[in-house]
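Dock chains B and C against the given chain A, drawing on the hints supplied.
Residue numbers (full-length UniProt numbering), protein chains in the order written: chain A, 1 to 510; chain B, 1 to 188; chain C, 1 to 337.
No wet-lab data here; the hints were simulated from the structure.
Bear in mind the structure is a predicted one, so any value in this text is a computation, not a measurement.
Take the hints with a grain of salt, since some may be wrong.
Unchecked claim - Distance ranges between label pairs, derived from CB positions:
id, chain 1, residue 1, chain 2, residue 2, range
1, B, 141, A, 114, 33 to 41 angstroms
2, A, 69, B, 152, 30 to 38 angstroms
3, C, 229, B, 16, 50 to 58 angstroms
4, A, 222, C, 324, 52 to 60 angstroms
5, B, 85, A, 433, 21 to 29 angstroms
6, B, 164, A, 120, 42 to 50 angstroms
7, B, 12, C, 191, 56 to 64 angstroms
8, B, 16, C, 324, 31 to 39 angstroms
9, A, 211, C, 296, 31 to 39 angstroms
10, C, 324, B, 164, 41 to 49 angstroms
11, A, 320, B, 99, 41 to 49 angstroms
What the hints assert, rightly or not - With a cut-off of at most 25 angstroms between alpha-carbon atoms, the simulated DMTMM-like pairs for lysine to aspartate or glutamate come out as follows:
id, chain 1, residue 1, chain 2, residue 2
12, A, 159, A, 224
13, C, 11, A, 377
14, B, 171, A, 88
15, A, 132, A, 88
16, A, 52, A, 108
17, A, 52, B, 168
18, A, 47, B, 168
19, B, 103, A, 444
20, A, 15, A, 361
21, A, 127, A, 188
22, B, 55, A, 444
23, B, 101, B, 140
24, A, 122, A, 185
25, A, 89, A, 312
26, A, 89, B, 35
27, B, 173, A, 108
28, A, 474, A, 464
29, B, 173, A, 100
Unchecked claim - Which residues of chain C face chain A? A few of them, derived with a C-beta cut under 10 angstroms, are:
id, residue
30, 13
31, 68
32, 114
33, 115
34, 178
35, 226
36, 277
37, 283
38, 332
Where a beta carbon is used, it is the ideal one built from N, C-alpha and C, also for glycine.
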Amino acid sequence: MNIIDTIFKFNGGIKADTKKSVSTVRPIKKIKMPKQLILPLRQHVGKVAKLKVNIGEKVLKGQLLAEADGNVSAAIHAPTSGTVASLEKQLIPHPSGLPDYCVTLIPDGKDTWVEKKPINWKKIDRKETIKKISESGIVGLGGATFPTHLKLNNNNEVKTLIVNAAECEPYITCDDMLMREKSAELIEGIRLALHLLGAQNAIIGIEDNKPEAIEKLALLIKNDANISIKIVPTIYPSGDAKRLIYLITGIQIAKGKRSTEYGMQMFNVATIIALYKFIHCGEPSITRIITITGKVRTPNNYEVLFGTPLSDLIIDAGGKASQNGSFIMGGPMMGYKLPSVNVPVTKAMNCVIDAEPEMIENNNPVLPCIRCAKCAEACPVNLQPQELFWFSQSNQFEKAENYNLFDCIECGCCSYVCPSNIPLVQYYRYAKSEIISDRYAKEEADIARERNDFRLERLQREKEERAKKIAERKANTSSDEKSKVIDEKRKAITEALERVKQEGVSEKND
Amino acid sequence: MLTSVLVVLFLALLIGSILGFSSIKFKVDGDPIIDKIDSILPQTQCGQCSYPGCKPYATAIAKGEADINQCPPGGEDGVRKLAELMGVEYKPLNEEHGAIKPKSIAIIDEDTCIGCTLCIQACPVDAILGSAKHMHTIIEKECTGCELCLPPCPVDCIDMIAIQENTENWKWKYPVFNIKNQKQRVSH
Amino acid sequence: MINQQSPFIQKAASVTNIMLMVILALVPGLIFYVYFFGVGVLLNVFVASLTALIAEYFVLKMRKLPPKVYLSDGSALVAAWLLALSIPSIAPWWIIVVGTLFTIVIAKHFYGGLGSNIFNPAMIGYAVLLISFPAIMTKWPSPIENSLSIESIRQALQVFFYGLTQVGDGLTSATPLDYIKTELLQGQILPDITIRNVGLATILTSNQIISLAYLLGGIVLLHKKIISWHLPITYLLSLSFISGLFHLIDPNNYSTISFHLLNGGTMLCAFFIITDPVSGPTTPKGKIWFAFMVAILVYVIRVFGGYPEGIAFAVIFMNICVPLIDNLTQPKVFGHG
Chain A
1 MNIIDTIFKF NGGIKADTKK SVSTVRPIKK IKMPKQLILP LRQHVGKVAK
51 LKVNIGEKVL KGQLLAEADG NVSAAIHAPT SGTVASLEKQ LIPHPSGLPD
101 YCVTLIPDGK DTWVEKKPIN WKKIDRKETI KKISESGIVG LGGATFPTHL
151 KLNNNNEVKT LIVNAAECEP YITCDDMLMR EKSAELIEGI RLALHLLGAQ
201 NAIIGIEDNK PEAIEKLALL IKNDANISIK IVPTIYPSGD AKRLIYLITG
251 IQIAKGKRST EYGMQMFNVA TIIALYKFIH CGEPSITRII TITGKVRTPN
301 NYEVLFGTPL SDLIIDAGGK ASQNGSFIMG GPMMGYKLPS VNVPVTKAMN
351 CVIDAEPEMI ENNNPVLPCI RCAKCAEACP VNLQPQELFW FSQSNQFEKA
401 ENYNLFDCIE CGCCSYVCPS NIPLVQYYRY AKSEIISDRY AKEEADIARE
451 RNDFRLERLQ REKEERAKKI AERKANTSSD EKSKVIDEKR KAITEALERV
501 KQEGVSEKND
Chain B
1 MLTSVLVVLF LALLIGSILG FSSIKFKVDG DPIIDKIDSI LPQTQCGQCS
51 YPGCKPYATA IAKGEADINQ CPPGGEDGVR KLAELMGVEY KPLNEEHGAI
101 KPKSIAIIDE DTCIGCTLCI QACPVDAILG SAKHMHTIIE KECTGCELCL
151 PPCPVDCIDM IAIQENTENW KWKYPVFNIK NQKQRVSH
Chain C
1 MINQQSPFIQ KAASVTNIML MVILALVPGL IFYVYFFGVG VLLNVFVASL
51 TALIAEYFVL KMRKLPPKVY LSDGSALVAA WLLALSIPSI APWWIIVVGT
101 LFTIVIAKHF YGGLGSNIFN PAMIGYAVLL ISFPAIMTKW PSPIENSLSI
151 ESIRQALQVF FYGLTQVGDG LTSATPLDYI KTELLQGQIL PDITIRNVGL
201 ATILTSNQII SLAYLLGGIV LLHKKIISWH LPITYLLSLS FISGLFHLID
251 PNNYSTISFH LLNGGTMLCA FFIITDPVSG PTTPKGKIWF AFMVAILVYV
301 IRVFGGYPEG IAFAVIFMNI CVPLIDNLTQ PKVFGHG
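Okay, chain A solo, but in the shape it has when bound (with noise of 0.2 angstroms):
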């Protein structure tokens, strides 16, 4: 066991006002069962899930509602027993605001489980292991909410486990209250994790504004030379995949490359708690911790179950639940507001921000970009944000792409820093947004034009083999006594047909 500090560090980043210590003085909360759950079909990066239950069908805590849809993909579980009531479009957490499936589930006030099945990892092939949890519904809890099961499963060889700790954007604190309540569990799914991945030694990167989290855990890896702590300067964005990596390791994972590719593999706190509570207790994935802070009177971290309409919480911690959309979900500076307080938690809401108005609406007037480069000074990616946002506002996306457009990791730091307050990240998207919706058209152009392509050739092909036959045949029968017989019939017929014609006139003359 060792605690370490980091001494590499990436360019720029902010350090902002965390605001996080009024949601830490009260533990981890539970709310009284809501009257209804929802639950949006897909709540991670991948294929909708397929429905598996009726409408109407009861239920128990734990079931299967829907299945993942191939590989990339997870499933859905019913979080406490009671009756499916409706398959329909419902408003979800999304930056859109459009409503997407969701299964409504009436609970039945019981919370009666399945059967539980937890696995007995260190008897069995980690790789069923794996299989096993593809079915779990459990997908990265920092955010991303990519399915766990694929990170588990690669084919490069991972030597350490790195674990997210670092929790970097303002005003969230449900991992650092995790690790402090369940910090033992926290340990073992560690060492779960570890063999799952067949990694020698894991890593803790934490930020140095969790005093209280790292005392705890690091009383519990005493004695245990594989996990180790690493403990990172509070600076925006060192949460960040590639950002945490080089914090901890000196190592830059180029682009398009995976940090398995060298040997690494990361999960999120919460994430490896999930893998823990499946595998020891046979529990699937149906709850997660919620930071609700801001303007509530009592902000708080609670533990709900997905599809709890989010006004209950915010009601529970003191706030007003009007739909006057002030609430942000995720961080202050990556997150999104929401279209509604009426949305379910899913998995990948990880705080509700109640903002103060000043937050959403700003007053300040937009400026001219002066090139003063403060943002290329933020920037954890060493880009040049001043010259992405002259490219993107233009239009000119295939220059912002030269400059690494895709790069950037939308962190806002740029925006943040930015004395002209340009919205520069909001350009980014948008131009994002565009290029992959251009290529996705031109896919579809592609492949309009091979199937045209094919089908005038093979309509060609079609009109030179008739051709063909009707050559063969005329070369066949002219010589032969059959062309004779099929001029006499022609002439039958026309002679017929003249014969039609006359007596049709005279018919008329008649």
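Same frame as chain A, but now just chains B and C:
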């Protein structure tokens, strides 16, 4: 007099040969212009440009027979790209060739369909499945929205449905704030 | 509707703050300027500021931009101050007005206004004045005692309103840069020049003190991180290096490092002129190249060129090179090669 003429001649020869040499040595094998134009066109294959498909239209543009503003599915953006490629002025879309519509796909009302196969023959990208006397369906992913299947259908069972914005195809919008009236905006 | 997307928090920084800090950092230099050369420079600064604000207001109106928002950014004031501090304090009022108008209307707004001007507006204004009115623009004041006495103020006002001709040339003297250049051209050598001219010693001192005051302001800007170290430090080091090199080779014909650092507009240039973000490079390496090249050009123009001071031309020339410099000095992106 003679020397200067000779010098000039020599220079001309030298420069000429350098130019000739470099034109062979540094020759760029670019895409033929038709392919470049074709890659800008949306491949809807709808024929609204009055040519039987995107490739024929591309050929016509390359030959100078067709104008660059005859492709409604490509939109203003497409015209702009063509103008840039061809080195001509941008011009607005020619309305004779139809108006810009949101991208749609064809949907066959399977209850009404009589399975006549006429639409299958009309589809330029073979995106309709079905055989004689059996109802047909459209492979949504491959439909280009060209509307060519609409006229041949004897029972009018094909509808064009505009693609709705959903959480998958949703895009971040261009940041909107009015720099000129910022004070007014604040007072609202 | 700006902040409908993240980030929802922002650092308390604004263009106005930056510009105000730059102006504040100029104040120590200005105070010593007044102390040594009289209130003329104050009149210059005042009229330049007024002209700049009025011109800015009307141009903004014409461009249909909200004057309140843009006037308060302070960029016009900074340009006006820099111009006023660059031209002789005994210049008549209309020189200031013409220069400021050129700076604001043509060098700034014709190029697109704040953020779009490719040249340093104050330097364009200065260069235009220098080329158009060389006689006025090369007459510098001699230091005066009791600069705040009523007599001095009266004289300054007279010069300001009626020009030097009314008062006589008694008030002027060559700047150290100019004086040494002329003497050297006449075949003199440096040790003799300094020994012979007693007055030079006092002028050196007053100019040096003003330069040091600018340096002080510059250090404040550096400390407040309003300017990055790359530009001023590289500029001063490069100028020291080249002047030191020539001085070492031939001390009779090339002045010392300290002479070049503390005379002319060196400090003003290092901390206030080349640090203009709009017309300068944005990459760290680019800033170093830019400052280095400006320093070399300044030295070359001072020593070998026709003008005693070369900052304006050096800066304008290097402004043209900024896109190229930026393009060639792109920093390595995280995770790239």
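Hint check results:
1. 141/B <-> 114/A: 33 to 41 angstroms: Given a distance of about 37 angstroms, which is inside 33 to 41 angstroms, the answer is holds.
2. 69/A <-> 152/B: 30 to 38 angstroms: Given range 30 to 38 angstroms: holds, Cβ gap about 36 angstroms.
3. 229/C <-> 16/B: 50 to 58 angstroms: Taking Cβ atoms as reference, residue 229/C and residue 16/B lie about 54 angstroms apart, which means the hint holds.
4. 222/A <-> 324/C: 52 to 60 angstroms: Once the Cβ atoms are compared, 59 angstroms apart, the range 52 to 60 angstroms for residue 324/C and residue 222/A holds.
5. 85/B <-> 433/A: 21 to 29 angstroms: 24 angstroms, holds
6. 164/B <-> 120/A: 42 to 50 angstroms: 48 angstroms, holds
7. 12/B <-> 191/C: 56 to 64 angstroms: 60 angstroms, holds
8. 16/B <-> 324/C: 31 to 39 angstroms: The hinted range 31 to 39 angstroms holds for residue 16/B and residue 324/C, with Cβ atoms some 32 angstroms apart.
9. 211/A <-> 296/C: 31 to 39 angstroms: 53 angstroms, violated
10. 324/C <-> 164/B: 41 to 49 angstroms: 48 angstroms, holds
11. 320/A <-> 99/B: 41 to 49 angstroms: 48 angstroms, holds
12. 159/A <-> 224/A: Given pair residue 159/A, residue 224/A holds - Cα atoms ~16 angstroms apart, limit 25 angstroms.
13. 11/C <-> 377/A: 14 angstroms, holds
14. 171/B <-> 88/A: 23 angstroms, holds
15. 132/A <-> 88/A: 29 angstroms, violated
16. 52/A <-> 108/A: Distance of about 20 angstroms is within 25 angstroms: holds.
17. 52/A <-> 168/B: 22 angstroms, holds
18. 47/A <-> 168/B: 10 angstroms, holds
19. 103/B <-> 444/A: Within the cut-off at roughly 12 angstroms; holds.
20. 15/A <-> 361/A: 22 angstroms, holds
21. 127/A <-> 188/A: Judged against 25 angstroms, a Cα distance of about 19 angstroms means the pair holds.
22. 55/B <-> 444/A: 16 angstroms, holds
23. 101/B <-> 140/B: Status holds; Cα separation ~18 angstroms.
24. 122/A <-> 185/A: 17 angstroms, holds
25. 89/A <-> 312/A: 21 angstroms, holds
26. 89/A <-> 35/B: 43 angstroms, violated
27. 173/B <-> 108/A: 43 angstroms, violated
28. 474/A <-> 464/A: Holds, because 15 angstroms separates the two Cα atoms, which is no more than 25 angstroms.
29. 173/B <-> 100/A: Holds, at roughly 20 angstroms.
30. 13: Hint holds; residue 13/C Cβ to chain A Cβ min 4 angstroms, cut 10 angstroms.
31. 68: Check passed: Cβ of residue 68/C comes within 9 angstroms of chain A, closer than 10 angstroms.
32. 114: Interface hint status for residue 114/C: holds (5 angstroms vs cutoff 10 angstroms).
33. 115: Holds, because the Cβ-Cβ distance from residue 115/C to chain A comes to roughly 3 angstroms (cut-off 10 angstroms).
34. 178: 34 angstroms, violated
35. 226: Interface hint status for residue 226/C: holds (9 angstroms vs cutoff 10 angstroms).
36. 277: 4 angstroms, holds
37. 283: 7 angstroms, holds
38. 332: 7 angstroms, holds
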